[in-house]
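Asker: Start from the sequences and build out the full structure, keeping to the hints where you can.
The residues making up each chain are set out below.
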Amino acid sequence: MRVFWAILWKDVRQEWRRRELVVVMAVFSLVVLVMFNFALGIRPDRPAEVAAAVLWIAITFAGTLGLNRSLALERDDQCLRALLLSPADRSWIYLAKAAGNLLFLLVVELIVCPLTLVLFNLDVPLHPGWLAVVCLLGSLGFVSVGTLLAGMATSTRMRDWLLPLLLFPIQVPVLISAVRATALLLAMRPADEVSLWLELLVAFDLVFLAVSILSFEYVVEE
Amino acid sequence: MRERSSLLWAFGTILVASGFVWSLYLVFISTGLDRVLGFSQKIFYFHVPCAWITYLAFVVSGFGSVAYLLRRTSAWDHLAYASLEVGTVFTTLVLVTGPLWARSTWGAYWVWDARLTTTLVLWLIEIAYLLLRAFLEEPGKAARYSAVLGLLGLIDIPIIHYSVVLWRGMHPDPVVMSRKGFGSGLPGDFLMALIVSLATFTVLYVMLVAVRFRLETVRERVRFLRQQALAR
Amino acid sequence: MVTRYDTLRSFAFVLALLVVGCVAATALAQPGDTIAQQTSPWRNAHFVLYAYGAVWVGLVLYVWRLASLARRLDREVRKLERAVEKPSRKDDEP
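Protein chains in written order, with our numbering: chain A, 1 to 222; chain B, 1001 to 1232; chain C, 2001 to 2094.
One or more hints might be untrue.
[Said to hold, decoys possible] Covered stretches of chain B (in silico footprint by chain C; criterion: 3 or more residues with CB under 8 Å from a CB of chain C, positions within the stretch not fixed):
1. 1082 to 1094
2. 1217 to 1230
[Claimed, not checked] FRET-style restraints, in silico, Cβ to Cβ:
3. B:W1112 / A:E199: 17 to 25 Å
4. C:H2046 / B:A1229: 51 to 59 Å
5. A:V124 / B:V1165: 31 to 39 Å
6. B:T1202 / A:A210: 32 to 40 Å
7. A:P44 / B:V1165: 38 to 46 Å
These are computed hints drawn from the structure, not numbers from a lab. Built from N, CA and C at the ideal position, the CB exists for glycine as well.
Answerer: Structure follows, in structure tokens:
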């Protein structure tokens, strides 16, 4: 358990000093948002649905960047090797990496969500708390599988390129649920319509967090 | 031993060949035309078996992956890889015959039908698996990583299917496996043709997996011999 | 000696024979009116041909791919077995 906090604190401190990940991820998300606006035109029909879709695409792409970078840094510094030599339980290492990735992604979303509302001329949703919950659950699902698969992808010849190919098909339920839930919330629909999608997100998160914790050991053994 | 396996191959080939001839007869000559769809309904007899083999292959591969992670015998890994590669071929066939069926029935090639969409995502996962294996040099790592991916995929497929069905907001009416029981949506001779076709494809699948499995074993031997040659 | 890829070749040959049989069977089915009356039951017959053809082509291509992989691996095994045997014969010399 101490290992978890040690690794998490190390990652957060490193990021606070260098500010690489969050800045790049945020700027990249913004670029994606703007590109989509150019592609879609000034006033798209059904702005809530379009905004939700574009938001989650931006989060997905930025998240992939973040995952790749975070694990690449680990490999470069040989930190991972040192960590694995220690008697610490592998699961805590995985959880620490995943928690770090989640934290950075959530910070980026904190910046990008309001920008999406502005760019698409949408009002603040009736239930901003629910929007935060959707963002949290969606990001958790993304990061849990993503950390595991990033660990695999960085040790192949293809490195960064392979992660999207591995991650995106597996992520389909998260993308569908998160986009649908966000679209409903941005369109000012009542909260109970969203519950179905939230349940699906929770189910995915629980299942895949568990599977990833169990499988991480197989990915990092030498 | 050699004679017995050759005999098995010969038996299997004859079984597949006669199965195909029989199903050809049943599909094109013996069964009548569907009242609504006419001749184009006949695609059903090889599209549906391909779809079932796709799922069978993926499940077998998934179980092989789990068995490999638990037991670490290379035979399980060979089975997982072989079944997945053969399964990818069948998935590709489903994705080719499906739109042709859709075009002749509904007038459009791709209608984001729940089942075909899930099959498309499954195909992407299979391609990812094959790419992962292609780009990993160490055989131990390749086996482990792809086993993890196989396990992830196996657990994910029901969730993907459920989310896609919800997304489409509709439940496609099952014709073969409806709530009234197996095959209750079909007239007798249609069901017969489907079953023969399915049996033939299943035997074909088993034979292809067996061949691919043997090739993986040979590849392992090649790696072993290469190490020995380098050691000299 | 019946090698692995001989079996695969004969397998592929049998499949090819069946392709011919399938084409003949589809020809027997008499695709008729596909242009004028939209209510003809034969109106979309060509899709069935494409679909069935695609299945055959796909399977034959895959069997062909397996056969060439088998050939390549057999060649490598023989080459490596020779390479592994040679130095040990040298060791036997006085």
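Asker: If a hint holds in the structure, say so; if it does not, say that too.
Answerer: Right, here's what the structure says about each hint:
Counting residues of the segment 1082 to 1094 of chain B whose CB lies closer than 8 Å to any CB of chain C gives 4, so the stated coverage by that chain holds, three being the minimum. Note: the segment 1217 to 1230 of chain B has 8 residues with beta-carbon separation from chain C under 8 Å; the three-residue rule is met and the coverage holds. Remark: the range hint 17 to 25 Å for W1112 of chain B to E199 of chain A is upheld by a beta-carbon distance near 23 Å. Judged by the Cβ atoms, the range 51 to 59 Å given for H2046 of chain C and A1229 of chain B holds: they are separated by roughly 55 Å.
A hinted range of 31 to 39 Å for the beta carbons of V124 of chain A and V1165 of chain B is consistent with their spacing of about 32 Å. Taken as a hint, the range 32 to 40 Å holds for the pair T1202 of chain B and A210 of chain A, whose Cβ atoms sit roughly 33 Å apart. Roughly 27 Å separates the CB atoms of P44 of chain A and V1165 of chain B, a value that falls outside the hinted 38 to 46 Å.
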